[in-house]
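Asks: Let the hints inform the model, and build the full structure from the sequences given.
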Amino acid sequence: MKSPKSAPELVDQFYLHMRSALIETAAAFDRIQGADDAATAWEDPRLEELREASKIISGDDPERARRILELLSVKEEGDA
Amino acid sequence: MKIIEPHVHMIARTVQDYERMARMHTVAICEPAFWAGYDRTSPQAFHDYFTHISEFEPTRAAQYLIDHYCWICINPKEAEDVEFSREVISFMPEFLTKPNVLGIGEIGLNKNTRNEMIIFEEQVELALKMDQLIWIHTPHLQDKLKGTKMMLDYLVGHGGVDPARVCFDHTEEHTLPMLHEKGFWCAMTVYPVTKNSPERVIDLVEKFSLDRMIVDASGDWGPSDPATLHDTLFQMRLRGHSDKSVEQLFYNNPCRFLGQSGKFKPQPTDV
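Protein chains in written order, with this note's numbering: chain Z, 1 to 80; chain G, 1 to 271.
No wet-lab data here; the hints were simulated from the structure.
Heads up, the beta-carbon is just placed ideally off N, CA and C, and yes, glycines get one too.
Do not rely on the hints blindly, as some may be mistaken.
[Said to hold, decoys possible] Residues on chain G that point at chain Z, a partial pick, calculated with CB under 7 angstroms:
| id | residue |
| --- | --- |
| 1 | Ser90 |
| 2 | His140 |
| 3 | Leu145 |
| 4 | Lys146 |
| 5 | Glu172 |
| 6 | Glu173 |
| 7 | His174 |
| 8 | Glu206 |
| 9 | Gly240 |
| 10 | Asp243 |
Replies: Right under this line is the structure:
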């Protein structure tokens, strides 16, 4: 079932939403970094996973949402 | 256009939600059995709960012209105690024969433990024995992928389960493809923060087609809102999809899956 909208139309439709989501995430990192004991929090593996997720977003390969969800999933035996 | 809400826990919602759903053209809702936010202290508490959702909630819904249906089960979060769970399972058949009980659900996994899996399997067997539909809860967040694979492997390997009579709920980009490929129904839950957004649900529909796809808001006692179902309908229209496709996703598809119970009254409009 193909999207009835063209890619440029989807950019127009979603640009502000995408911009907002990225800024909210950046601001949360800033908030954590500026608080007491930031160094400990910075080592939290959950934040490391989010830093890895940001690399997936900025790459050119498709299926970013699926790959981020897999990154954030419990690793099974045999998984890298 | 009429709307069906395939998953909402009205025991945890106020009457204002019935009113809002009615105003948003919701004509039928389904209430799977779930964890109440605390562990019940006796199997009898489940008997009371099943009575509540199969007898009392329909009377609340009827005041707003909404048909109320429910599913019966021991939920995965309380399935860790196997003997306790088996006591609950022992009286489930008396509820499964009621005219507004659609099947066994939402069974599934929570932390993907061996005991949870034992009770999941025993409830699948009861469903097969009593010719019941199955509604499956997939785990939250980081446990979802592993738990979904565990249940999928079991059901496919079983040999006696018709995937057309099973719906996996709370699917996302990393779990929906494997389920859809095997012929199961896939429900996508729209939550304000976790699970899916309206935008991602329509992305998945565009990628995997309308076939065997269902959307729900899964309103419960946590951060959730029955209106997210209607937000998703609006998103589908904003994305340029036809009224016919919108109606298929939000009305005809749930009619088709739930209608297999023989008890669900709303009929598809595209017969």
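Asks: If a hint holds in the structure, say so; if it doesn't, say that too.
Replies: Hints versus structure:
no. : hint   : result
1   : Ser90  : violated, 33 angstroms
2   : His140 : violated, 11 angstroms
3   : Leu145 : holds, 4 angstroms
4   : Lys146 : holds, 5 angstroms
5   : Glu172 : holds, 6 angstroms
6   : Glu173 : holds, 4 angstroms
7   : His174 : holds, 4 angstroms
8   : Glu206 : holds, 5 angstroms
9   : Gly240 : holds, 3 angstroms
10  : Asp243 : violated, 13 angstroms
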